[in-house]
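Line order of the protein sequences matches chains A and B.
Position one of the first sequence corresponds to residue 1 (full-length UniProt numbering), numbered consecutively onward.
Position one of the second sequence corresponds to residue 1 (full-length UniProt numbering), numbered consecutively onward.
To be clear, the hints were calculated from the coordinates, so they are not data collected in a lab.
Careful, some of the hints might be misleading.
If several chains are the same, the list does not tell them apart, and a pair holds so long as it fits within one copy or across any two.
Said to hold, decoys possible - Listed next, the in silico DSBU-like pairs over lysine-lysine satisfying Cα-Cα at most 30 Å (straight line): (1) 275 x 251; (2) 268 x 100; (3) 95 x 77; (4) 177 x 243; (5) 275 x 95; (6) 177 x 235; (7) 77 x 268; (8) 235 x 20; (9) 95 x 235; (10) 101 x 268; (11) 181 x 20; (12) 18 x 268; (13) 27 x 241; (14) 251 x 27; (15) 268 x 253; (16) 243 x 8; (17) 134 x 116; (18) 18 x 95; (19) 27 x 235; (20) 275 x 241; (21) 275 x 56.
Here are the chains, one letter per residue:
2 protein chains.
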Amino acid sequence: MGIWFTEKQTENFGITAKVKQTYVSEKTDFQQLDMVETEEFGNMLLLDGMVMTTEKDEFVYHEMIAHVPLHTHPNPKDVLVVGGGDGGVIREILKHPEVKKATLVDIDGKVIEYSKQYLPSIAGSLDDPRVEVKVADGFMHIAESENEYDVIMVDSTEPVGPAVNLFSKGFYEGISKALKKDGILVAQTDNPWFHQEIIQNAYRDVSETFPITRLYTANIPTYPSGLWTFTIGSKKHDPLKVKANRFHDIKTKYYTNEIHFAAFALPKFVSDLVK
Amino acid sequence: MGIWFTEKQTENFGITAKVKQTYVSEKTDFQQLDMVETEEFGNMLLLDGMVMTTEKDEFVYHEMIAHVPLHTHPNPKDVLVVGGGDGGVIREILKHPEVKKATLVDIDGKVIEYSKQYLPSIAGSLDDPRVEVKVADGFMHIAESENEYDVIMVDSTEPVGPAVNLFSKGFYEGISKALKKDGILVAQTDNPWFHQEIIQNAYRDVSETFPITRLYTANIPTYPSGLWTFTIGSKKHDPLKVKANRFHDIKTKYYTNEIHFAAFALPKFVSDLVK
């Protein structure tokens with residue numbers, strides 16, 4: 001059989017993938033970091049044993065967290081990514097010509113370093129002149145920012161370990177303050193099959209902070225249940241009211257103008273979670 | 001750790017689930033049949049080692065294969081299910097008041113028998129007076145039918161083993177003949193991450209047989225990649241043109257009127273498969 005990696009996505013369910021080789025297995029200052037080559041999904045980044053991104057399916061997450069809010073905002077010039085040290089969200093952000101500056105704040109420099117080395121198709125845009133990379137605590141960075149960003153994207157790990165503060169009401173309030181007056185927040189908010197409470201808590205906290213709150217989904221095979229959610233908090237612009245002429249003709253593999261809207265049509269058991 | 005079931009969904013990737021107990025593990029005349037109780041998904045039916053249905057997530061598949069074509073057809077009186085011995089599709093079909101008769105043809109009587117015993121919430125409707133259950137070869141049943149059904153649903157296993165004929169052009173032609181003049185076919189056509197060729201072949205064959213061909217998707221956690229596809233072949237009625245007043249207010253957990261249309265918005269890499 002050879003070597004297989006297994007992630008227990010719940011206590012009683014997991015995925016398993018054949019490993020060709022292990023490049024990195026290291027305890028950083030913040031988390032366990034593994035970078036492996038798999039047969040099915042190409043190179044794969046794991047943090048604390050959980051799949052963060054793979055070469056084969058990374059485009060779904062990165063396109064869907066970036067293009068939905070960036071098309072919703074009429075002129076996103078300043079964009080902040082909290083987490084996302086693999087660089088995939090930055091790559092997608094740079095496809096938008098309005099973006100003047102994209103700032104990435106990841107707490108763990110090792111994620112950035114090894115992503116550049118082993119995931120160049122994902123992390124390659126981190127050296128773009130429009131990008132500023134800061135190795136720092138995203139929670140603190142937000143606390144120190146005011147009226148600065150058009151769009152803030154929270155590309156965090158699960159609400160355990162270093163990311164636990166990134167799922168708190170205080171964090172969303174900080175983001176609201178860090179955003180300009182028509183700014184937009186988007187955050188990954190886990191899956192509706194195994195972690196309903198993460199979605200419910202995030203949706204409640206965001207909707208207490210922002211006048212417009214929307215939940216949308218995307219299919220990501222290597223994430224638990226294959227169905228991932230994102231929560232938008234917006235001060236002014238509604239993702240469901242984007243005009244047809246606002247969409248850029250950008251090169252994507254998952255996102256389309258049609259998917260932009262269809263992603264907000266929630267399965268009944270999901271919409272019931274946030275009623 | 002206890003006992004874990006693992007399905008290799010591809011040569012190099014799989015899912016694994018903790019098993020509480022095994023009810024059945026039997027070689028039938030047609031396939032290996034296992035019925036187990038899992039911690040995460042409740043009771044689970046496996047055929048030839050592949051997850052067919054589980055108590056926790058079965059509603060997605062059964063609602064989505066049934067309600068999309070049944071709402072597309074203006075008056076579906078006679079409905080045929082090929083395969084589907086677990087009874088879940090029948091349960092959903094019976095929610096439509098127009099349906100006078102639902103016929104189930106499954107080649108393996110053991111699937112029906114054990115589903116009634118261990119999956120009563122799924123198979124319970126098989127004894128409804130509107131239902132006729134036949135243990136027979138679906139391919140032969142189709143070959144012997146003419147101008148008989150309003151909607152035919154192909155709820156088959158993968159195109160290996162007993163279901164291999166159910167993915168052939170001749171089968172779709174037989175279905176066309178078995179359908180009335182405004183009839184509709186729907187078939188499960190696997191996933192776009194690992195089995196692109198199944199989708200492409202089915203779409204090509206169906207579109208050579210039916211004037212209207214449409215692909216749609218649903219999220220099913222225990223199926224490979226979590227993203228499943230269904231292909232519709234329709235002689236007259238377009239699933240994208242269903243009027244708002246056609247929809248029944250049926251009790252569902254996944255399907256909604258909005259999902260009916262959103263499910264046809266395909267990720268770009270999926271729509272590229274069937275261009």
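Structure-based check of all given hints:
Proximity of residue 275 and residue 251 under a CA criterion of 30 Å is satisfied inter-copy only: 17 Å between copies versus 35 Å inside one chain copy. When the C-alpha separation of residue 268 and residue 100 is checked against a cutoff of 30 Å, the pair qualifies only between copies, where the shortest distance is 27 Å, while the shortest distance within a copy is 39 Å. Only within a single protomer do residue 95 and residue 77 lie at most 30 Å apart by alpha-carbon distance; the minimum there is 12 Å, versus 51 Å between protomers. In this assembly of identical chains, the alpha carbons of residue 177 and residue 243 lie at most 30 Å apart only when taken from the same copy (27 Å versus 44 Å across copies).
With identical chains, the CA atoms of residue 275 and residue 95 are at most 30 Å apart between copies only, with a shortest distance of 25 Å across copies and 34 Å within one. Only within a single protomer do residue 177 and residue 235 lie at most 30 Å apart by alpha-carbon distance; the minimum there is 11 Å, versus 56 Å between protomers. Only between protomers do residue 77 and residue 268 lie at most 30 Å apart by alpha-carbon distance; the minimum there is 27 Å, versus 36 Å within a single protomer. For a Cα distance limit of 30 Å, the shortest separation of residue 235 from residue 20 qualifies neither inside one copy, at 47 Å, nor across copies, at 48 Å.
In this assembly of identical chains, the alpha carbons of residue 95 and residue 235 lie at most 30 Å apart only when taken from the same copy (24 Å versus 42 Å across copies). Taking the shortest alpha-carbon separations for residue 101 and residue 268, only the inter-copy value of 28 Å comes in at or below 30 Å, while the best intra-copy value is 38 Å. In this assembly of identical chains, residue 181 and residue 20 lie within 30 Å of each other by CA distance neither inside one copy nor across copies; the values are 49 Å within and 54 Å between. Only between protomers do residue 18 and residue 268 lie at most 30 Å apart by alpha-carbon distance; the minimum there is 27 Å, versus 35 Å within a single protomer.
Taking the shortest alpha-carbon separations for residue 27 and residue 241, neither the intra-copy value of 45 Å nor the inter-copy value of 55 Å comes in at or below 30 Å. For a Cα distance limit of 30 Å, the shortest separation of residue 251 from residue 27 qualifies neither inside one copy, at 36 Å, nor across copies, at 49 Å. Taking CA atoms no more than 30 Å apart as the test, residue 268 paired with residue 253 passes in both settings, with 27 Å inside one copy and 5 Å between copies. Within a single copy, residue 243 and residue 8 get their C-alpha atoms no closer than 42 Å, and across copies no closer than 44 Å, so neither meets the 30 Å cut-off.
When the C-alpha separation of residue 134 and residue 116 is checked against a cutoff of 30 Å, the pair qualifies only within one copy, where the shortest distance is 15 Å, while the shortest distance between copies is 59 Å. Proximity of residue 18 and residue 95 under a CA criterion of 30 Å is satisfied in neither setting, with 33 Å inside one chain copy and 43 Å between copies. Taking the closest pair of Cα atoms, residue 27 and residue 235 never come within 30 Å of each other, the shortest separation being 39 Å inside a single copy and 60 Å across copies. Both within a single protomer and between protomers do residue 275 and residue 241 lie at most 30 Å apart by alpha-carbon distance, with minima of 21 Å and 28 Å respectively.
Within a single copy, residue 275 and residue 56 get their C-alpha atoms only as close as 34 Å, which misses the 30 Å cut-off; across copies the closest is 22 Å, which meets it.
Checked against the numbered hints listed earlier, the structure breaks hints 8, 11, 13, 14, 16, 18, 19; every other hint is satisfied.
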